[in-house]
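K.L.:
Next come the chains, spelled out residue by residue.
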Amino acid sequence: MFQYVLKRLLSTLPVLLGISLLLFFMLRMLPGDPAQVLAGQMASPDDIKIIRHQLGLDRPIFIQYGFFLSRLARFDLGRSARTQNPVIKEIWARLPNTMLLAVAAISLACLFGIPAGIISAVRPYTWIDYLFNSMALFGISMPVFWLGLMLVVIFSIMLQWLPAGGTGSWKHIVLPSFTLAAFVVAFITRITRASMIETLSQDYTTTARSKGLKERVVIVKHALKNALIPIITVVGLQFGLLLGGAVLTETVFAWPGLGRLIVDSILARDYPVIQGTILIFGLLYILVNLVVDLLYAYIDPRIRYA
Amino acid sequence: MRQDSLLSIHHLRTRFHTYEGVLTAVDGIDLEVYRGETLGVVGESGCGKSVTALSILRLLASPPAEIRGKVLFDGENLLQMSLDEIRQIRGNSISMIFQEPMTSLNPVLTVGEQISEAIKLHQGVTREEAWSKAVEMLRIVQVPSPDIRAREYPHKMSGGMRQRAMIAMALSCHPRLLLADEPTTALDVTIQAQIVELMERLKEEIRTSIVLITHNLGLIAEMAKRVAVMYMGKVVEEAPVEDLFLEPLHPYTHGLLGSIPWIGRKMKSGRKQLQEIPGMVPSLLEIPDACRFHPRCSRAMEICRKEEPPLVQKNGRRVLCWLWK
Numbered sequence: 001m002f003q004y005v006l007k008r009l010l011s012t013l014p015v016l017l018g019i020s021l022l023l024f025f026m027l028r029m030l031p032g033d034p035a036q037v038l039a040g041q042m043a044s045p046d047d048i049k050i051i052r053h054q055l056g057l058d059r060p061i062f063i064q065y066g067f068f069l070s071r072l073a074r075f076d077l078g079r080s081a082r083t084q085n086p087v088i089k090e091i092w093a094r095l096p097n098t099m100l101l102a103v104a105a106i107s108l109a110c111l112f113g114i115p116a117g118i119i120s121a122v123r124p125y126t127w128i129d130y131l132f133n134s135m136a137l138f139g140i141s142m143p144v145f146w147l148g149l150m151l152v153v154i155f156s157i158m159l160q161w162l163p164a165g166g167t168g169s170w171k172h173i174v175l176p177s178f179t180l181a182a183f184v185v186a187f188i189t190r191i192t193r194a195s196m197i198e199t200l201s202q203d204y205t206t207t208a209r210s211k212g213l214k215e216r217v218v219i220v221k222h223a224l225k226n227a228l229i230p231i232i233t234v235v236g237l238q239f240g241l242l243l244g245g246a247v248l249t250e251t252v253f254a255w256p257g258l259g260r261l262i263v264d265s266i267l268a269r270d271y272p273v274i275q276g277t278i279l280i281f282g283l284l285y286i287l288v289n290l291v292v293d294l295l296y297a298y299i300d301p302r303i304r305y306a
Numbered sequence: 001m002r003q004d005s006l007l008s009i010h011h012l013r014t015r016f017h018t019y020e021g022v023l024t025a026v027d028g029i030d031l032e033v034y035r036g037e038t039l040g041v042v043g044e045s046g047c048g049k050s051v052t053a054l055s056i057l058r059l060l061a062s063p064p065a066e067i068r069g070k071v072l073f074d075g076e077n078l079l080q081m082s083l084d085e086i087r088q089i090r091g092n093s094i095s096m097i098f099q100e101p102m103t104s105l106n107p108v109l110t111v112g113e114q115i116s117e118a119i120k121l122h123q124g125v126t127r128e129e130a131w132s133k134a135v136e137m138l139r140i141v142q143v144p145s146p147d148i149r150a151r152e153y154p155h156k157m158s159g160g161m162r163q164r165a166m167i168a169m170a171l172s173c174h175p176r177l178l179l180a181d182e183p184t185t186a187l188d189v190t191i192q193a194q195i196v197e198l199m200e201r202l203k204e205e206i207r208t209s210i211v212l213i214t215h216n217l218g219l220i221a222e223m224a225k226r227v228a229v230m231y232m233g234k235v236v237e238e239a240p241v242e243d244l245f246l247e248p249l250h251p252y253t254h255g256l257l258g259s260i261p262w263i264g265r266k267m268k269s270g271r272k273q274l275q276e277i278p279g280m281v282p283s284l285l286e287i288p289d290a291c292r293f294h295p296r297c298s299r300a301m302e303i304c305r306k307e308e309p310p311l312v313q314k315n316g317r318r319v320l321c322w323l324w325k
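Sequences listed follow chains A and B, in order.
Per my numbering, the first sequence starts with residue 1, numbered consecutively.
Per my numbering, the second sequence starts with residue 1, numbered consecutively.
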């Protein structure tokens with residue numbers, strides 16, 4: 001088990017190297033000159049040349065990549081071209097916010113989506129199934145920025161219950177996490193329903209009923225536990241996506257997370273920050289998938305890693 | 001109705017409402033199971049054997065299933081009980097063994113947990129007591145090192161071992177009636193013999209009645225005292241097991257017996273051809289008029305095509321056929 005985790009963690013290295021390679025060269029194919037952006041409209045060609053030299057952009061691109069890698073090996077992601085702060089510090093300042101929002105959104109989505117999926121599966125093709133189905137469809141087809149704005153209009157401006165943006169108290173997280181959850185909940189409801197319908201029709205469910213167990217026990221203990229694998233897969237993937245920055249939601253609610261950091265950095269052609277943030281996204285995504293795989297083995301005894 | 005009747009089924013009719021139409025899987029059958037006896041129920045796939053068993057314990061989802069008639073267990077109608085009342089019966093007074101040991105155990109719960117949860121539920125004992133009873137049951141069904149096996153998951157066991165676990169689960173609360181739905185069909189022959197022997201022995205020890213559902217006539221001959229033959233949702237013949245094998249009355253029973261291959265039995269004049277019943281069981285959506293068996297019957301008469309056959313009682317036997325009127 002320990003060996004398996006170690007192996008998986010080591011295997012993230014080549015993946016991260018691949019990400020860095022693609023990222024590094026693709027970024028430099030973008031039109032626009034970071035030195036120009038940094039120096040501003042009024043700068044003279046000489047100023048720009050100096051800045052370019054400071055950023056190391058006047059060297060051949062392979063040399064630049066080599067420097068980047070050698071710093072990376074020392075866990076140094078460089079400094080932001082914009083703020084001159086170490087990239088790691090910029091990320092570290094926003095990562096907790098992104099984590100908080102992602103965890104809140106995914107918890108909310110599970111809290112609603114899993115019970116809704118179970119109820120739909122237990123009573124398929126009834127009014128309640130159709131109701132949850134329409135809610136899921138609503139959530140998935142609603143553009144996030146529009147839903148976010150509507151929530152602001154209703155709860156911040158009209159009712160004045162919740163702040164429209166920023167951070168500070170638990171109240172600040174309510175609207176952005178609802179906005180994000182509305183999208184994710186649809187996936188979770190649908191997969192839970194499909195998976196539960198499948199397990200509820202299995203022979204072992206009939207066996208469980210034939211023992212005289214209460215329907216609640218049959219559903220939760222016997223059917224749901226078997227249905228969890230696909231549910232966890234979807235939850236893991238969605239959580240990974242949320243960690244990758246909910247750009248639109250963070251923008252609508254002025255939430256200082258990684259999503260906004262990366263957008264601002266792209267606009268400023270701030271290569272070090274973009275590179276660092278995306279590498280962190282990659283790392284988080286890999287870790288989430290590892291946790292999901294370990295959960296598989298915990299839930300289903302037939303899955304064992306050696 | 002005899003005094004020692006344990007289960008008494010009257011006009012049981014189970015229908016399924018589907019998009020293609022209403023399927024009548026069990027069509028007004030009457031059966032009696034006496035205390036301590038084994039009643040065999042035989043018939044081809046799709047004749048309604050399993051649906052009958054599932055209807056008794058009301059294990060069919062309803063809708064689409066609709067169950068009518070009376071199922072008296074110890075004088076009480078199971079079909080009119082509340083869900084809570086029927087749950088008291090399930091796994092306690094009446095339990096069930098299923099055909100597929102590979103799929104009828106829950107893959108994510110240990111075998112011990114699956115056996116002990118019924119014990120804990122019906123006998124009101126603690127978790128630990130239920131567990132040790134479950135281990136004891138595994139020992140009784142001759143699972144080797146039962147205390148270790150109880151902590152294992154079903155996928156680590158062979159088919160025969162799982163069916164033993166299933167039997168342990170079904171018998172853990174000493175039911176008065178055991179519904180065994182094709183208990184040996186999925187097992188290979190040597191294991192089948194062990195399971196049959198085990199069921200026979202436990203039947204004596206626990207003094208339970210058995211409804212043995214199977215298409216295996218050899219198993220019926222070995223275990224059952226009386227046999228009911230089903231065809232397309234109806235009991236077409238019922239008789240003590242020796243009578244049925246010696247002198248089948250219904251042409252369908254005759255056909256069933258004729259289609260068993262007997263290894264080693266050769267006629268003097270070379271090999272005897274295996275007799276088969278011509279045609280196939282029609283779909284439940286296209287039930288033939290009058291006698292359901294007439295399109296496949298070699299002895300069909302004019303009246304078989306026109307009128308429902310009568311139930312003929314003859315020396316303690318029942319047959320649903322015009323031939324014996």
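I should point out that these hints are in silico values taken from the structure, not numbers from a laboratory.
The beta carbon of each residue, even a glycine, is placed where N, CA and C say it ideally should be.
Hints are not guaranteed to be accurate.
[As the list claims (entries may be wrong)] Which chain B residues face chain A? A few, computed with CB under 7 Å, are given here:
| hint | residue |
| --- | --- |
| 1 | Ser93 |
| 2 | Met96 |
| 3 | Glu100 |
| 4 | Leu105 |
| 5 | Asn106 |
| 6 | Arg151 |
| 7 | Ser158 |
K.L.:
Look at each hint and say if it fits the structure.
P.N.:
Each hint tested on the structure:
Interface hint at Ser93/B: violated, since its Cβ lies 9 Å from the closest Cβ of chain A, which is beyond the 7 Å cut-off. Below 7 Å, beta-carbon pairs count as interface contacts, and Met96/B has one with chain A at about 4 Å; its hint therefore holds. Residue-level restraint check for Glu100/B holds (minimum Cβ-Cβ distance to chain A is 6 Å; threshold 7 Å). Evaluation of the Leu105/B hint against chain A yields a held restraint, the C-beta minimum of about 6 Å falling below 7 Å.
At a threshold of 7 Å, the smallest CB-CB gap from Asn106/B to chain A is about 4 Å, leaving the interface hint in force. Residue-level restraint check for Arg151/B is violated (minimum Cβ-Cβ distance to chain A is 11 Å; threshold 7 Å). About 15 Å separates the beta-carbon of Ser158/B from the nearest beta-carbon of chain A, more than 7 Å, and the hint is not met.
Of the hints listed earlier, those the structure fails to meet are numbers 1, 6, 7, in rising order.
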